[in-house]
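There are 2 protein chains.
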Amino acid sequence: MKFCSECASPVSLSIPAGDNRPRYVCTSCAAIHYQNPKMVLGSIPVWERDGELKVLLCKRAIEPRYGYWTLPAGFMENNETTAEAAIRETQEEAGANIKLGNLFTLLNVARVHQVHMFYLAELVDLDFAPGEESLEVQLFSERDIPWSELAFPTIQTTLELFFADRVKIREGGSYGFHTQDINRTMRAEGEEAK
Amino acid sequence: MKFCSECASPVSLSIPAGDNRPRYVCTSCAAIHYQNPKMVLGSIPVWERDGELKVLLCKRAIEPRYGYWTLPAGFMENNETTAEAAIRETQEEAGANIKLGNLFTLLNVARVHQVHMFYLAELVDLDFAPGEESLEVQLFSERDIPWSELAFPTIQTTLELFFADRVKIREGGSYGFHTQDINRTMRAEGEEAK
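Those protein sequence lines, which keep their order, are chains E and G. Per the UniProt record's numbering, the very first residue in the first sequence carries number 1; after that it's consecutive. Per the UniProt record's numbering, the very first residue in the second sequence carries number 1; after that it's consecutive.
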């Protein structure tokens, strides 16, 4: 940020009165331009028949992480709820119709000023198709999940927690709600960017 | 938003290629200025001794809702987690030292582009004091909560859910995690703004 979005004068970093951290403050009209974390909302769309469960993943057609696999997810917009954002992103990226369940993960990625949230979801039908931001969309059983080709740590963590809860469900339990702080990057795990 | 924060040229509302909703786009450098919902993080600080539980509330010293009671809460900042934000706001507004528990409520307030979240919390000591944004800070037992003088619907909902879960705990249950969409305003309930 270089200029005030209200009056076009230059901004400078300074600590406003009564505040305790640097903000972009207009040198002319004194408007304070706060910057805050964003929410990324997505779903875990599953298709379960004859005792076999599969999860819908999207291969990214955009940077960052072009060509890597993700759960459908994206930035929450103004005027919508977290649930509405998860349904919209699943429709936009995977063309998938879902029945949304409970919120399953809330993952802090403070390094990039984001909070990622994923809802449980059931596919209503198999009429899914890649949207503009996806190269392909595919159902994966647990043993076929492309673990080494996942786009983001929050996808990996959400899928790991999901399959761990599936084990508990087979033993009579139910899905939990999980919060975690994510500090690692995918590349830090020894993998080069494509 | 009137001017581009990168180059100071005027912005106009238009739908960028590949997008499906109006954004502020720079008429000169074509930068797209997205606007996204913000997170408000807070806690439910309790002090429990000899079977009696009290909740710490703050009387607001700032607008909106000057003079009304709130749980300590405020906008989440970049470079912090949701839990860190809840602890910081509790320290800043109530001067209170807490041991943070689980996330308790996640409340969508789509009307004002906000998501409010409140964590369970135990006061570590009674050395609390009003911060710059509070007129006073006070412990309330359930019967003394100033229900008609609460600042925001998300405060009312969180406190109602909290005391409902306390009933379940007395019957052997535990605290849940609650999500809700909040559409009402405090003033719509027949109350004039102060």
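For the record, the hints were derived by calculation from the structure and aren't laboratory data. Think of the CB as a built atom: it goes at the ideal place given N, C-alpha and C, for glycine as much as any other residue. Honestly, I wouldn't trust all of these hints.
Listed next, the in silico DSSO-like pairs over lysine-lysine satisfying Cα-Cα at most 27 Å (straight line) [to be verified]:
1) Lys2(E) - Lys54(E)
2) Lys99(E) - Lys38(G)
3) Lys168(E) - Lys54(E)
4) Lys168(E) - Lys168(G)
5) Lys59(E) - Lys2(E)
6) Lys2(E) - Lys59(G)
7) Lys2(G) - Lys54(G)
8) Lys99(E) - Lys168(E)
9) Lys38(G) - Lys59(G)
10) Lys54(G) - Lys38(E)
11) Lys38(E) - Lys59(E)
12) Lys168(G) - Lys2(E)
13) Lys2(E) - Lys99(E)
14) Lys168(G) - Lys38(G)
15) Lys38(E) - Lys168(G)
16) Lys99(G) - Lys168(G)
17) Lys38(G) - Lys38(E)
18) Lys99(E) - Lys59(E)
19) Lys2(G) - Lys59(G)
If you only want the chain E side, here are some residues facing chain G, beta carbon under 7 Å, derived [to be verified]:
20) Ser5
21) Pro37
22) Asn79
23) Asp181
Item checked: Straight-line alpha-carbon gap Lys168(G) to Lys38(G), limit 27 Å -> Given pair Lys168(G), Lys38(G) is violated - Cα atoms ~32 Å apart, limit 27 Å.
Next item on the list: Compare the distance between the alpha carbons of Lys38(E) and Lys168(G) with 27 Å, and conclude whether the hinted pair is satisfied.
Entry: With Cα atoms ~34 Å apart, Lys38(E) and Lys168(G) exceed 27 Å; violated.
Next item on the list: Identify whether the interface hint at Ser5(E) stands, where standing means a beta carbon of chain G within less than 7 Å of its own.
Entry: Since chain G brings a Cβ to about 5 Å from Ser5(E), closer than 7 Å, the hint holds.
Next item on the list: Take a quick look at whether Lys2(E) and Lys99(E) sit within 27 Å of each other, Cα to Cα.
Entry: violated, 44 Å
Checklist line | Given pair status - Lys54(E), Lys168(E), alpha carbons within 27 Å | finding: Roughly 17 Å separates the two Cα atoms, so the pair holds.
Check: Are the Cα positions of Lys38(G) and Lys38(E) separated by 27 Å at most?
Finding: Answer holds: Lys38(G) to Lys38(E) is near 7 Å, not above 27 Å.
Next item on the list: Take a quick look at whether Lys2(G) and Lys59(G) sit within 27 Å of each other, Cα to Cα.
Entry: violated, 35 Å
Item checked: 27 Å limit on alpha-carbon distance, applied to hinted pair Lys168(E) and Lys168(G) -> holds, 24 Å
Margin query: Just to be careful, I want the Cα atoms of Lys59(E) and Lys2(E) compared with a cutoff of 27 Å; is the pair within it?
Written below: violated, 35 Å
Next item on the list: Tell me if Asn79(E) is really an interface residue toward chain G, meaning its C-beta lies closer than 7 Å to one of theirs.
Entry: holds, 6 Å
Check: Can the restraint linking Lys2(E) and Lys59(G) be considered satisfied, given a maximum Cα separation of 27 Å?
Finding: Violated, because 37 Å separates the two Cα atoms, which is more than 27 Å.
Margin query: Would the hint linking Lys99(E) and Lys168(E) be met if the CA-CA limit is 27 Å?
Written below: holds, 22 Å
Hints 1, 5, 6, 7, 10, 12, 13, 14, 15 and 19 from the earlier list are contradicted by this structure; the remaining hints agree with it.
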